[in-house]
Amino acid sequence: MKPIEKFEFPAELVPLFQKAKRLEWLTLVYLAITIVVMVATMGNSQAMKTAWFEDMLSMTPSIAFLISARIIAKPANKEFPYGYHKAVSIAYLCSSLALFTVGSFLVIDSSLTLIEGDRPTIGTVVIFGHQIWLGYLMMIALVWGSVPAVFLGKAKLPLAKKLHSKNLYTDAEMQKADWMTGFAAILGITGIGMGWWWADAAAAAIISLDIIHDGYKNLKQSLFDLIDQVPKTVDNQKTDPIINHIEDFLKQKPWVKEAEIRLREDGHIYFGEAFVVPVSPDNLTAYVEATSKEIENMHWHLHEFIITLVSNLPQPEEK
Amino acid sequence: MRLLLLLLLMVLFTSACDNYPRDADKTLEKIKKGTLLVGYTENPPWVVKTKAEPTGLEAELIKKFAKTQDAKIVWVNDTEQDLFEQLEKRKLHLVIGGFTDKNTWKTKISFTRPYVKQQKEKHVMAVLKGENALIVALESFLHQQKSSLNALPASYEAN
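As you go down the protein sequences, you meet chains A and B in turn. Under UniProt numbering, residues 1 to 319 are what the first sequence spells out, in order. Under UniProt numbering, residues 1 to 159 are what the second sequence spells out, in order.
If we strip away everything but chain A, and leave its shape as in the complex, we get (with noise of 0.2 Å):
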């Protein structure tokens, strides 16, 4: 049995993906630290305890890509002869799963809290003697929970791009949620100074949906990629240019006849093969040898590309 080679990032993008994890363990940090401090001043908020719960699952993208990042380096086995790389999908989907839990709990929680007409009460608190609104408080922890979010998502994101990790970008719509909803809670917390006590929970509604869009996107995205969709991009979710490319380079080779090939993602990775009708029968090996490495070498993505020759190409069935 022919194993496949290991392999994950050519050298160049390998500095990024350190990057990538150092950005996640950084997050990490921040949302522990940030989880502490919600818990210190949510008082019996609803919108800081949704804010907290919104908080603790958007660790799920940050541990799924470092616990991907683990399994993926292991090299190809018997037992696993195609690599780990579909890790990397499953961590895709948990995160997504995760973002688009946020996004339905927080509608049906700030929907109950309008329909119920439950009125938030804040009180005060002490510290070193002196008496203050919790509500300041709660506005200090929702900013310093919403602030670094924002720096953080906007690190990530390009790093997505570059290592064609959709984990990694659902992690940086995750942050996006993290401080939507940090800003939402900080304007429902005004208003209910200001005596609105519906504020809060219309602010959090509205903020909801953008959530819930983003993670159904993703939770479909992340299915459709573990039943071997054709590869999609990281950002727009369009067909990968690169499928055209590679079938007008075969055709355009002179010992190509007919070609056709079919390609999958495994995490970062693209497996797939070209069916070709060759012109004829002389020197096939060193040509389809020749060719596959050609095509191996067009992206770093492109690995393991292996051509089948036939004599015929496969016809659609017809109904």
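In case anyone wonders, no lab produced these hints; they're calculated from the structure. For every residue, glycine included, the Cβ atom is placed at its ideal position computed from N, Cα and C. Mixed in with the good hints, there may be bad ones.
Derived DEER-like restraints, expressed as beta-carbon distance ranges [stated by the list, open to error]:
#1 K122(B) with L209(A): 34 to 42 Å
#2 V39(A) with K108(B): 16 to 24 Å
#3 N43(B) with I67(A): 49 to 57 Å
Starting from the structure of chain A, add chain B where the hints point.
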């Protein structure tokens, strides 16, 4: 980033207002020079029922609090269950009866911050939900009483 600045400005602006936080139903404004509706249930030494108005540690505190607001008190005596139900229906402003912070009603109504600790029990009063100015006023009042409060329960116990 622009959104962030706008938000921070808004927060600063609203927080700089005089009467902040405010009530959803302007309860504190209505209480000032008006009436304070207090529910009570007997639980000595916190609340002691008499033929006239109730006495006890908490009842005396509330009388003092009402004075700071120039308010007249209307006392309502009932069972704990009925009082909390009325508070939930917003027919009372606050309820006293020696409640602790472990009270099972805490999800349905709001309690003040524990204002006195006695025998490991933290004592609280129940307040109308969503009225932030009222709860801040009451908690501030209770906080100012703190030094005299810590000695109080013992003396009531002795009686």
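Going through the hints against the structure:
| no. | hint | verdict |
| --- | --- | --- |
| 1 | K122(B) with L209(A): 34 to 42 Å | holds, 40 Å |
| 2 | V39(A) with K108(B): 16 to 24 Å | holds, 22 Å |
| 3 | N43(B) with I67(A): 49 to 57 Å | holds, 54 Å |
Hint check: no violations occur; every hint is consistent with the structure.
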